Amino acid sequence: MSTVDWKKYEPVLIPDIKDLHKIDVYEKNGGYQALKSILTDKKKWADPKSVVNEVKDANIRGRGGAGFNAGLKWSFMPPADGGPRYLACNGDESEPGTFKDRKIFEFNPHLFIEGALIAAYAMEITTIYVYIRGEYLTYIKMMEKAIQDAYDKGYIGKNIVDSSFSVDFYVHSGAGAYICGEETSMLESLEGKRGYPRVKPPFPAQKGLWGRPTTINNIETLSHVPAVINRGSAWFKNIGSPTHPGPILYGISGHVNKPGVYELPSGIPVLDLINEVAGGIRNGKKLKAVIPGGSSTPILRADQLEGITMDADSLRTVGSMLGTAGMVVMDEDTDMIDVLWRIAHFYHHESCGQCTPCREGTGWLEKILLKIKNGEGEVRDLDLLLDVTTQMEGRTICALADAAAWPVRFTINRFRDEFEARCKKSVHAIA
Amino acid sequence: MPQVIIDDQTYEFEGQHKLLQFIQDLGKEVPFFCYHPSMTAPANCRQCMVKVGQFVKDRESGEYELDDDGKKVIRWFPKLQTSCNIDVSDDMIVHTQETDELVRRAQKDNLELILINHPLDCPICDQAGECPLQIQTYKYGPEGSRFEVKKVHKPKRVVLGPRVILDAERCINCTRCTRFTEEISKTHQLTITSRGDKNYPTTAPGREFNDPYSLNTVDICPVGALTSADFRFRARVWEMNQTPSIDITNGKGCNVDLWTRDNLVLRITPRYNGNVNDHWMPDEGREAYKIFNENRISRPLQKLDGEQILSSWNNAIATFNEQVESRDKKEILFIGSPHASVEENYSLQQFANLMGINDVVFTTHTESGKGDGFLLTDDLAPNTNGCRLLDLKELDQKELKNRIKKATLIVLANDQFIDRELFSDSDVDGKYLISFATNLSETTKSSDLVIPITTAAEHAASYVNVDGRIQRTIPAKETKYSNRSLNLEMSVGRLDRYGTNFDNWVSEDNKIDCIPLWNFITEVANASGLELNFEDGRSIISEISAKRKAFENVSYDRMDAEAGIQLSLNNTTEKSKVK
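Order-wise, the sequence lines are chains A and B.
Counting from 1, position 57 in the first sequence corresponds to residue 56 in numbering that gives the first Met the number 0; the numbering is continuous, with no gaps.
Counting from 1, position 170 in the second sequence corresponds to residue 169 in numbering that gives the first Met the number 0; the numbering is continuous, with no gaps.
Excised from the complex, chain B in its bound form (with noise of 0.2 Å):
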């Protein structure tokens, strides 16, 4: 097998490979600014540099060349090389900044270069804490500056479109923006402008940026030059807790980080996937850190003498329970949700099974043309999918309106029916509608019992994406029933690991006063004298596992272990219509 010797180590290698990739692969590490793994690598930083060689052989005998000492002879090129863009090949030599003095001077020069015409405002940027310039100085960089004149002066606070903001000064001119125009969502909207040390990325002369996808520049910028305009100033990366999670935002379930402070949710990121989303997420996914924050209902909600006044837990259970057992199982319409998790509409089922009633329904959320091949799907609801592998019936809007017809007491989990103008509030009139919500809406308002269940950032649940790969969340703000540290679903921040009191940002302010939907129902259940115990999204997953076919092997464990697990669609006829 091939081998290359990087640092006096030996390594076997198959196929094609980037030596900058390589070596990161290995677990060691080169700097660099401006490769990227999904992008084409232009090798403009310069920040890669090694030194390469290779074994000499005779042409003829196809010996290797032996020296006085009978070592191989090495024939270096003669200069150094940027590894980012070259491939790694049998027999070659590569000394890193480990081992090489030269190599380790280039960098150390590179980075001098890099940093001589930046502004240095760290300390008001808001990449620092996250910033590869700022971490490779410390690591790579020379003691201080010889540069003793004038800096270049460029644009600031360019707002480039609506959600991006350019800092050109910062700007060391990776090209990693205009390459993700370019080759990722292929808008071709940025471009760099003017040239040599003046240069920076710009749009076309009367045009904004704005790229569906435009805040992923954001993300990849290795510096503070671009900055999202919703997010800029609004906090300290070190003051955050980063939590994995999923995109709800759509049917596609980009792989997410939710960044929280205060309990509050402040900004969402994209998280490596390679079977969902790469490394990129569409803006509209981080806006829903507004759902997780704002317009939260918080205590349950009842329709007294048609005002909607806040009421109690028990208040809540006890009215449920009164209603439904009021009424004739077939007045009952049990409604799940392709925006509630895999956990949440299981739960709802198994309520209405328990009860006799055995069609839990549920209709699609989509948006024709709004699918765009990449990551946006038309298909608006997280968890389309994941109503169909459980078998919950679905229906099309005149088919619910008739059932709804039928119903008298409608249960309806967390979706958004009247807002999405599928009914008025007509269609519900002289009903007795029962909606499990996560924020407050025209359905919501039109509801005559609101219970107040968790969010994707508050509980731990799974949802199944278009392609069928369930994939799960992971609790990342308190609710009032929550707790950090005894809570082991939770997240655990560097803060919370290490912070005194003092320095963790964790407002009682921000706790929303919600429980998750299965907790609800294994109360109402106990309440009425039904045998339903639902304690946690882990223990539901299992149940589901075991109970249904479809879900067969399915744990968190594996989830957490496989970033998802693709689940096989075929008896899901509707699939080919939502994409």
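Chain A with its partners taken away, still in its complex shape (with noise of 0.2 Å):
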């Protein structure tokens, strides 16, 4: 695989422009440009069939986590039949690691806004609804000031840039729950009931909000698509991997000197983005481990990552994800038993309590972590955390049951020396 010339690329997401969640601003820099083409220019765009084909074309691999192609997905709805039609834009991230969505609330409302008007063309959308997390307190009031704005200037609204095509856009703020990040919970959430997740099928597209035909895209997704409008699908398809394609928010956190989220191309190495890009591991100290694309994603020793990318085909490879992009790095000081404790107590805390494995599943497994990190473990604990691990899999409507297991068999099986030398050092042994 050639590598990714990634010290060439400009940001398109939050480039270095000031002031650029001013409409003005934007708009002074070729915003909304995209939104004005596809309503005006009929001959490029004949109908919003041949915008869902430009994006379904563009493949972006949606990067809530999931990575399915989003103008694939925009495909899925059903043909308008005069009813309401909703957008639901997920910008909960409430995974640990994961903090990209916020800086494009921060620094780029504005291409969100368009992308999601874009999306609604080409679905024939009525309502957009952007779902932000409730912790996000300022970033819910940038966002409704910038909506406000674009009302006013006639991007939202009623007959969007005198063309026959309206949309409302509201923002919904979260009350602080993990599982509202899931996409069918989130409808519920919004529809003001009880953040549950749903039983697929029906599928959103199918039965969403209020039952009617709905599609959840990730706000970094979105963000994607004016350019893709702009600069065609070929452009995007030609940054980063070839399966993967297109610039990704890396939210770099953990021991590294420069922490923070960097927009690049897909598909850069592992390596690089520690070393180069966020100035290495802090104190000139070792790499150990890395968790790289949110909490729930399989975790990599540092022995595993040579010639590792960030897109999912190179990850999947040594068995991990790409996720979110948001990258944990440990370093050589870090105690893995207490890693992998507090990621356990954080999917304990989130669970919703609906399905069984995931209710019962994650407090038995953050409850026999504990005892192991105060020392009362035994080895056959942790045999007994990979058998509960296989008993919550697969087994419940979402996967947060798979997102809190894979942590707890992912890391035990690829540090196990480590969790067995502290259960031989426990209580149990010297008794």
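Watch out, some of these pointers could steer you wrong.
Said to hold, decoys possible - The calculated SDA-like cross-link candidates involving lysine to any residue, where the alpha carbons are at most 20 Å apart (straight line), are: (1) K405(B) x R326(B); (2) K107(B) x E392(A); (3) K149(B) x E392(A).
FYI, nobody ran anything at the bench for these hints, they're computed from the structure.
These numbers were taken from a predicted model, which means no experiment stands behind them.
Make the complex out of the two chains shown on their own, each in a separate frame, by following the hints.
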């Protein structure tokens, strides 16, 4: 695989332009051109279908973690029947290690708004909701301001840019539940209900919000759309890894010198990302482990990283996933038992409690890990942990059980020595 | 016809079915907790997992793909599926726990997980003995638990409302109760609160769970989390006899089971009847156990010098005849009752007719606004339409008052006129009032002769509900004159069949000295030389069905087999008034 030339890449999602969050500045820098183009340039964009096809061709793989082609998802919407249709934009990002969408809300909200409007046009949608996690109070206010500005300028509302296209745009604040980032429980939450994931099928494209056709996209996914419309799908496909093209917002946290969100092409080498982009491990320590895409993605040991790049296919070869590209870097001093307990604690706290395996399993995992962490574990507890993860995986309505089980499974498998050593030093071993 | 293969057996089917219900309808079993046939399937307990696959067909030719051995290739779903919410489709292959180790393992795993935070206090839990969790754990659960850490603690003894008490630790979060208030009773009073393994059902802060159907949540709770304030800690389920019966507290006639022990009705639970009440009943109907147990009249009462004293049956029969014979027929008024069964009203009517009195009257017992379009009705009596179909003369309060004014002897079949304030004590002043009654009341207090009669829990008799459906009761508790082992109509419980004298819970103390109304009528008729012989409800109903067009082809056997019989209400003009 040829290495991606990421050093020359110029950011499009969060370019370094002062006050880009203001609508005037955004317009001056080519903002809302894509929207105007699809609404007025009938030669290039004959109908909404042509927009869907262009986006489908660009192969924007969903940045929320699942990595599904966004345009393909759009094409699943049934034909318009005159009733309401919804676009629900998922800005709940609650996964530990993930903090990319907030950069868009903060620095380039109109890019996302434009992308959402294009998506709404392409799918003949009447109402857009953007669901933002409750903790992002500042960004909720910024989004509300941005949307109001766009209303005032006539980009949202009735007859947008004098076309027949009308759409409404609402900000909806979450109330602090991780599970509401799961697409169907986000719909429940939007409807004002308890955030319980729904049973699929029916899929949201058939029966979503209030039983109407609904598409759910991640904020970053939608923010890629204006550039695809402006520059064409070929341009987008040329960036980064061929199977997982386009720019990605990498959120790097942990024991690096320069943590933060970086917009770079997909498929850049993991080690480059740590050592060059993020400035290397702090205090000159050695790298021990990396969680590549948010806490639920399987952890990787430092020795697994050679030649691995940040895209779904490359990461799959070493048994991990790209997820949301929220990378957590850990140095040699990190206690893996502590890390794993903390992750298990998170999922235990956040399980919605609807399905038995997740509700009971996440708590069980955490309690055993706490026992090991406190020096009361036994080696057989490790096998019990692995057993419980198989009891949870693939047996629930949504993927939270999997997300809780994977870190346990893979951290124990990949750092078994460390776990066993701790268990052998425990009170039981001494007694 | 489309086919489905379940555990290597092929079944044909038509229409849409959910797999779990389909398997159950075949008489097979898959364990489950959250599913309920009358509500939506949330698939949250994850217990009804099965392995599902489909034969692979070539897209173009439509032919089945075959493997090297010539067998059809099966494409299994990558994950096990919950059978409660998956549709049965053509060419589907299903492996349940009976044929598949993977499914067996998944169900066992799930039960282990359900039980880790369950208190396992079965010895003191009311649900024990009829607990799906207990039963399925014995059948499909793990041998023991590997859970060695601390269980989650949640609120206990929470008074959710006047009738329902919650033990949140026992709750397995199946959401049956919350779905009941959302989908069936539509009061939306219950919701799940908190998150993860800390969640449990409760009301909104400061609100109480006073849904008129609240006790149904106790019935459908698959564990002992919700218990009835009235019944909890009263009896173990295996000590009780269960007798099919019907609700007599309103006009709907919900099908119920009476649970008896020691000749007391301890609780009343709904029994499925798709034509009447589905799986549900109103809370009011469950209070009827008090009618059967408390404040009963045992032995006839007679007023002597203004004071009611206990009398004997011989005396009562003689007094009854004396009073009837000493008066002009025009001065005698027979009043039937919508609270009495078809058989009781009929025997009273026949007796009156034999004496040459042709109009037996009755008045309805309704309260407008009481009905809710579901299982509560404006009609507060169980047999109003029965009276109409027997051609009893329906009078309103004023008409009845006039008739009472003209009469000097009133024979009243089990209706509490004075308690209902239709009349006052002074209306019957100077008249001789004979009451057939089950319970003591203001009406019996004003009566000169009170004949204790059997309740719906003690006789086999039929009632016609507001929709014209005739349904019947089965005796559940003994009177002084009936006996479980001798009375063929009586229900026979497990303990009757297999128990010794020592473990059968039958107490002489709670037997009431009363007889069915028709038996008393027979006695008085015979004593005065009239030809009348009513033996039991079964023979009366066959006589009615032979003589009365409205009851054509009605019999107990048919009622039992068809869960009640729909009668035509065409001739009863008042039907629309009472709903």
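(Q) Hints numbered earlier in the text: which of these fail when held up against the supplied structure? (A) When the structure is compared with the hints, only number 3 turns out to be violated.
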